[in-house]
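Trainee: Now for the letters of each chain:
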Amino acid sequence: MSDSVRAKLFTRIGNTDDVIALRGLRDQFHEQMVTLQAEQPIEQFYTDLNEVHDALIRRAISLSEAKLARLGYGSPPVPYAYLLFGSGGRQEQTLSSDQDSGLIYEDAAEEAEREEIEEYFRLLSVTIVGTLQAIGYPPCEGNVISSNPLWCQSLSGWRAKLDGWFQEPDWECVRYLLIVADCRCVYGQDMLLHALKSHYYTDTLNNQTIVQHMINNTMRHKVLIGVFGQLLKEQYGEEAGSLDLKYGAYIPMVNAIRLTSIKAGVRETSTLSRIAKLSERGFFSEQDGLAFTAAFKLFMRLRLMTMTRTEDGVYTNSGKLPHAKLTRELVDELKAALRVVKKLQRRVQKQSKDRN
Amino acid sequence: MVKKLIVSLGALSLLFPAMAFADDPSAGTLNMGLNSIWVLVAAILVILMQGGFILLEAGSTRMKNAGHIAGKTVFTLGLCTLVYWAVGYAIAFGSDNAEHSISKIIGWGSYLFAPAVAAADGEALPSTIFFVFQLAFAAVSLSIAWGGFAERAKLSAYLVFTILFTAVVYPVISHWIWSPTGWLFAEGAQDYAGSTVVHLTGALAAFAATVLLKPRIGRFNKDGSANEILGHNQVFGALSVLLLWVGWFGFNAGSALGVGDGFFGYVAFNTQLGAAGGAVAALLISWLVNGKADITTTLNGGLAGLVAITATCAFVDPWAAVVIGLIAGVLVFFSAKFFEKIKVDDPIYALSVHGAAGIWGTLANGIFATDELAKKLNVGQGGIIDTGNWHQMWVQLESVLVCGGYVLVVSFIILGAMKLVMGLRVTEEQEIIGLDLSEHGAFGYPEQMKKAQSSL
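Protein chains in written order, with UniProt numbering: chain L, 1 to 356; chain V, 1 to 456.
Since the hints were made in silico from the structure, they are not lab data.
Honestly, I wouldn't trust all of these hints.
Stated by the list, open to error - Using 25 Å as the maximum straight-line C-alpha spacing, the simulated DSS-like pairs for lysine-lysine come out as follows:
#1 L:343 x V:292
#2 L:233 x V:341
#3 L:233 x V:104
#4 V:222 x V:343
#5 L:297 x L:277
These numbers were taken from a predicted model, which means no experiment stands behind them.
One chain only, chain L, in its complex shape (with noise of 0.2 Å):
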């Protein structure tokens, strides 16, 4: 996308004032994106991408917070970050990805306000979530979304929970860490997420048998490759001879770079700048940070080309890699970025390993 392009696209989500004329919008960017795929660098592409979803994201909550001043609730109370997980929190969503959400608002002054407060923000987080799926952006499946209470909350909520979480690390709480992990500020005031990680990271390196339980908790996705070197597709249903690029190629490289990042106290949140950031403090030589750019890379591209179609208005995709996308040289490419990651992985146990 040109320059003036994005800019004149911006502008225009910028004064978009109802929910319909910015599907609308979202809509014509896909198709404009759809033709771009080809043309661009990968990162270039996902990078002008997740702009144009923060732009989207950013829209919809400021057209949330009036709705809510029209109907007589007033504006916010007191600052707030809006908090994206996931693949937004990793600057990695795909032309189809759904809603893990999160609010975090700033402490009461008096105790007095601290009921309407909550209020306010749960009435908001509810708002922003629908208009967000009159977008096209599906509800997220695990309930990670801030319309739930769990992650709607103040920032002294939000750290007594983690410390609760850190004390108590059973497999979803551990989840739950892992996703924190990924968090960004998409909206609003960046210093409450800021405390929020500095609160997550002294935790964190002070307590190694949690990144024992990380470990556990995100190994289990396998790489789909076989000891002969084979790729392991799946065999039945509509989708068999297809791969399952997300769960046994994505999913697995993100895993294994984000929890290499909590010990190493990497704060990036893209895949991409995390492995970056790690070469360049030595935990990975040149050449080893150069093959998971790489690798990464690849399965970056390949998302794309997953099956996507729109179900019920929104955006949804298999994350499988259509059996008839799978040329000859693709399947080589493929295999050797999943040995790569094969590598990362097994790497990544043993060293915790050494450590215990």
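Keeping the supplied structure of chain L fixed, place chain V upon it in accordance with the hints.
Mentor: Using the frame of chain L, we list chain V on its own:
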């Protein structure tokens, strides 16, 4: 009390002195008695294998058909018994035509078999026990064939096919290879307990049935990809394999038809090795190729090992039994994939477990049989490895091709005619609602199925 007992026993021994002073039985009688005990126990074990088939078939299929699939086996076992008694045994082992050259092809006599009540002088085994043992084999072959019918054939198709299979398909093959007048027996075909006679025969009948019946609704998609129709109970599946495995000791070791010098122990020993090889190889190959160790494949592997060792258990060295089992385990995995690829729906994996492994077991004699054991049993000669001679291999290949050809052609004719005259398959509606309800009017799992229906 004690006094009374002693008095009455004393009186009895006065009345029946033989009780106290019976003649010692002759060595021949003792020998016959021992043989009888072992072979009858073996026959019972083989009949118990029907329990294995009930669990295997029911476990590999869906809840809505469970009662039908399990219960029909009891019915067909009964019907098969009556038909084999009336006709089948006569064709397989009747010896009235022994002088005539037609006895090479079929036997004659002993219709509505009426055996002597005890063994005659010099007989190693009463003919009653021989009959029960042979009948149990016929019933196993028939139950293997049901694998091709599962979840969509009409009950009436089971009825008619039981009669025809037991009368004209199974006994003919059994005659060729096992009757002293059969032509393949004369050529020295080695099929100790029936990799071809029982397993390949059943599997090819299943193949004809499944081809003529067409795949179950929902098994394959329009684009040619397959859907997995999971069985409703893997625990039944595992238990069925154990039942069959144990029953197989009767199947193979019982085929010694006596106790003799204890050779049946060697047969049992090889049987266990072959089964073990099959189970281990199958789990490992599925793990290596698919990335996940597959339970169904493991169960099939154990059975394939048993099927393959069935022909070979008396002819090969222990190491060869292991190799035969291992290869059978790998073979069954790829065979199942192959049938899926050519879009043949094989719900119980009968074609792979009994067909592919049956062929492999029969041919394996041509490779691994030792001359020493062939001489001991007086059937054929050693295989390629022991003798360097391909003769036995050709005999084995011939018996697979000719027997397979006969079963395939006759089964297709029988089932094809049945399809024209009476129809083989239930209606689409009946298939969807399940055969428990459509064929019997009651569910095998009433609580669960009623719940499922009310939520539709």
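Trainee: Provide an ascending list of the numbers of those earlier hints which the structure does not satisfy.
Mentor: 3
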